[in-house]
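Read top to bottom, the protein sequences are chains A and B.
Numbering-wise (this note's numbering), the first sequence opens with residue 1 and increments by one.
Numbering-wise (this note's numbering), the second sequence opens with residue 1 and increments by one.
If you are wondering where the hints come from, they were derived from the structure by calculation, not from laboratory data.
Hints are not guaranteed to be accurate.
Calculated lysine to aspartate or glutamate pairs in the EDC-like style (CA-CA distance at most 20 Å, straight line) [said to hold, decoys possible]:
| no. | chain 1 | residue 1 | chain 2 | residue 2 |
| --- | --- | --- | --- | --- |
| 1 | A | LYS22 | B | ASP298 |
| 2 | B | LYS312 | A | GLU20 |
| 3 | A | LYS22 | B | ASP120 |
| 4 | A | LYS313 | A | ASP400 |
| 5 | A | LYS22 | B | GLU125 |
| 6 | A | LYS22 | B | ASP121 |
| 7 | A | LYS22 | B | ASP155 |
| 8 | A | LYS95 | A | ASP468 |
It should be emphasised that the depicted structure is a prediction, and the values quoted were computed from it without experimental measurement.
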Amino acid sequence: MPLPQYPLPVWHLDPLPPVEAKLRQMKRRRVFIVLLVLAALGLLIYWRYVAEVPRDFSKIDDHFKYGSIGSEYGNGLPFRIWQVLPEMFPEYLPKNGLTGYESLGFVVEKDKDGRPLFETPIGFSRRRIAAQIELISVNCASCHASTYRGVPTEPRQVMLASPAHRVDLLAYFGFLIRCAEDPRFTADNLMARIEAKGGLDPIERIAYRSIAIPRTREQLLLMSGKSKRLFENPSGVGRIDTFTPYKLIQFSYRDPELLRPGNTDLPSIWNQAPRVGMQLHWDGNNTSIHERNISAGIGAGASPTSIDLPRLKRIEDWLLTLPPPKWPSGWKFDQALADRGKPLYLRYCAECHGTPEGGFKGGKVGTVVPLALIKTDPERLMSYTYDFMSNQYSLGTDQDWRFHTFRKTDGYANQPLDGIWARGPYLHNGSVPTLRDLLEPSDLRPKMFYKGNDVVEQTRVGFVSDKDRQGDEIFQKYETSKIGNKNVGHEGPAYGTDLKAPEKDALVEYLKTF
Amino acid sequence: MVDAGSRTAWDTIGQPIHFPRSGLTVKNRIFRSSISGTFDAYDGTGDYARLNWEEKFARGGTGAIISSYVPVSLRGRIYPRYAMIHNDSTIGFWRAVGERVHNYDCKFIMQLSHSGRQQDDRGAENRFRVGMSSTSRMDSFHGLLCEAMTKSQIDEVVEQFGLAARRAQKAGLDGVETHSSHGYLINQFLSSGINDRTDEYGGSLENRARFLREIIASIRAHTEGHFHLQCKISAIDANNAIYPFEKKGNVLADSVQVCKWLEEDGVDAIHVSTGSIFPHPRGPAGDFPIDLVSEVYDPIISSGVRGWSNAKIFRSPIFSRLLRWWWRHRRGPIIEGINAEHAAEIKKNVSIPVILNGGMQRASLIARVIDDGMADAVSIARPLIANNNLPQLFAEGHDLAPRPCSFCNRCLLADLKYPLGCYDLSRFDDDYDRMIAEVMTVFHPSPYETQAD
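Just chain A, same shape as in the assembly (with noise of 0.2 Å):
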């Protein structure tokens, strides 16, 4: 018999009592907390040990001197590795009189008893990358801050933006290269170090030992290999040679017609907005700030895709109106000769290299002369060619500011005076000392002179060159015999080589005044 079907009756849930009620609220907070524990655990293990920090400066004058641009990836090293190096390899710095990365022509920043105000001297930046280990690598300001003083016994006095005139940034690079070819850089030695300074947690000490260590001394090894020809033509304190560490290492060059060596003396980065639009770099081959800046920031050590645009713009944006550093008042000043040298200077420098009251701006200044005209080195020039400039332009392809505006020139460009007392030596490659000889011809300006003292020399104006030695500090030598290193070029009766003594004196009496 087939049973009846009834509806069932309708019934509802109770409302929950308020114990139940209190204790699904209380449920409910609980895995909140535990939400909210682990997200901070997890936000902490990712701050502490994933995520990439690099060190921020609220100043921007500090965030020059000690702030990321992002090329910690391609030349940084472990900091705590980087640290230790001069005191396990002093062998390998220079023998000038001063210790650690001094040595090197870095700037160190001291209290007035002398002692260091910060862990690395000015051009260096850490950023944190993994498991704590903090990258250290050059910034700008590596290539673009130094000293100056007046006489010897003067504190040093640091101008930013300036050419770093003391600087040795390839025998920095040797000296990093020379530690991972010793046998005793292992990882024993180094932790032995390191941790005598203290300060590792477990996971540091972890990752120090097993990763950082081998790794960094595989990458110099790597460098090292790469970069050998580097070493054949140095190019000493105060200059670089932009474009070869490019071709040897981002574009594996080996050919060596086309590793043509173009050592060239460090420019100054103060005063940017006049030269917005003006044919940048020594050979003029790019008219872009922005990309002049990048291709700048690669060549410091950033990949494409490392280099910290927000803040190498915000440095760009403090270079545009940052001045550069006055004559001091106190110095050798003559106001009369100065008044005369004015003149001269209209006829003869003003049409190529601005006057201040113009800005620096107009008529040729950032224009490239012919090489054929200007007869100044050509080994700078020669170094970038169109095979190399095509290369560039395989660079960040996929990005933004992947590079449209350089050019192979023919010459040199004009560059603005603006502090032209504290860009020494002079001419593209540094090849002249002071002001004053620059106005002889070249037969008569100095065939061997001594770099790296920041002592002004305040009569012919430029670093005094002529002393080896200064106490304890030792300069380098300068030959303009050697490949890049003429002195010749930017003379004759149009660059005021032919003008009497005075006048010559007169001129650069004005030039203290830029």
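Fit chain B to the known structure of chain A by using the hints.
This is chain B only, laid out in the frame that chain A set:
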């Protein structure tokens, strides 16, 4: 002092006690302290087992019985199956209880009670309600939820106490006692460790005592003549006994002042106990039987938000032992006469009789506290559960019952799930069936029992 040569302890204990204001006289100095037992119908309708239960003590020679915990309203219950006095229909039952114990010249004092937030099992009727209290903060031990009473709710409860006292008087009982200790509602108002009100019922001691004093006034207003009224007071709250981070609560000086006010208000006696929660390491002073608690705690698990975590602690071999150690540590070394010093201090400050509660089961000790003027009488619960005839044993010259109470507190915890009685197996020579048979005697005789031909 008792002179062993000429006087026995019973010469002191067996002396009647007279309460001059109410005129009540109790034949000896032994009061059965309030103990409940789930002997009644679920809804609080009294049942025959309660009569059997109370008769046990009356028969055993107890001078006066302070009833079970008797809620004055449904919201004031702590457990189902506890007889209530929340309406007039309950009068008949309580009259029957009174008559049963009066047959033995034993007095019966009803303990008028309201749980406040301390509702171990609020029952089906209160399923969607939280406890009423002086505070909205949950109780610290079980996590029992509550809400701070409004003025109208306070007035309503004050009225309920008065009406309940009137019913007790109508039932022919000998007096009432306000349960103003052990963390129940009145104690929740009195205690500075619990009461966080900012109105006229909170803050100062005077404000915190206002609720109790209004209840006394209400009782006086609703009863005829000078009906015997005593108040059970926790001399000290020790509100932080289990959780040291809780506030300490009332100290002895607070309670002495409250007792002075109570005397002024016409209260006939003070019943001195301890603690602002129940159970408390100091009340009832004894052990914490971790073997039994994990078995009988079930009904409370869902009552409070800390029930589950407590159950886990009770079942944890490590944490339960730690809790037992802590419980005993917070109690201290004394069990018998644990509140004697407090009672003595109160007695010094009032002229009405003081009844001392707390682990008394040695005739000589009871006689001594009375002779030394520390208290006028004692109230006993657990030793009387163990030996219903303890007063008779004292009268026969026993200082201690042959099988005394071990203060194991198993009776206290067993009440959560099983009929109230002595569950200390050692007292029954480890004969479980004999022990259970003794416990079950409360259900006999039954009105429905068929008598053998």
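Evaluated hints:
1. LYS22(A) <-> ASP298(B): It holds: about 19 Å lies between the C-alpha atoms, which stays within 20 Å.
2. LYS312(B) <-> GLU20(A): 18 Å, holds
3. LYS22(A) <-> ASP120(B): Cα-Cα ~17 Å, so holds.
4. LYS313(A) <-> ASP400(A): Measuring from Cα to Cα gives roughly 14 Å; hence the hint holds.
5. LYS22(A) <-> GLU125(B): Distance of about 19 Å is within 20 Å: holds.
6. LYS22(A) <-> ASP121(B): 16 Å, holds
7. LYS22(A) <-> ASP155(B): 28 Å, violated
8. LYS95(A) <-> ASP468(A): 13 Å, holds
The earlier numbered hint that this structure contradicts is number 7, and it is the only one.
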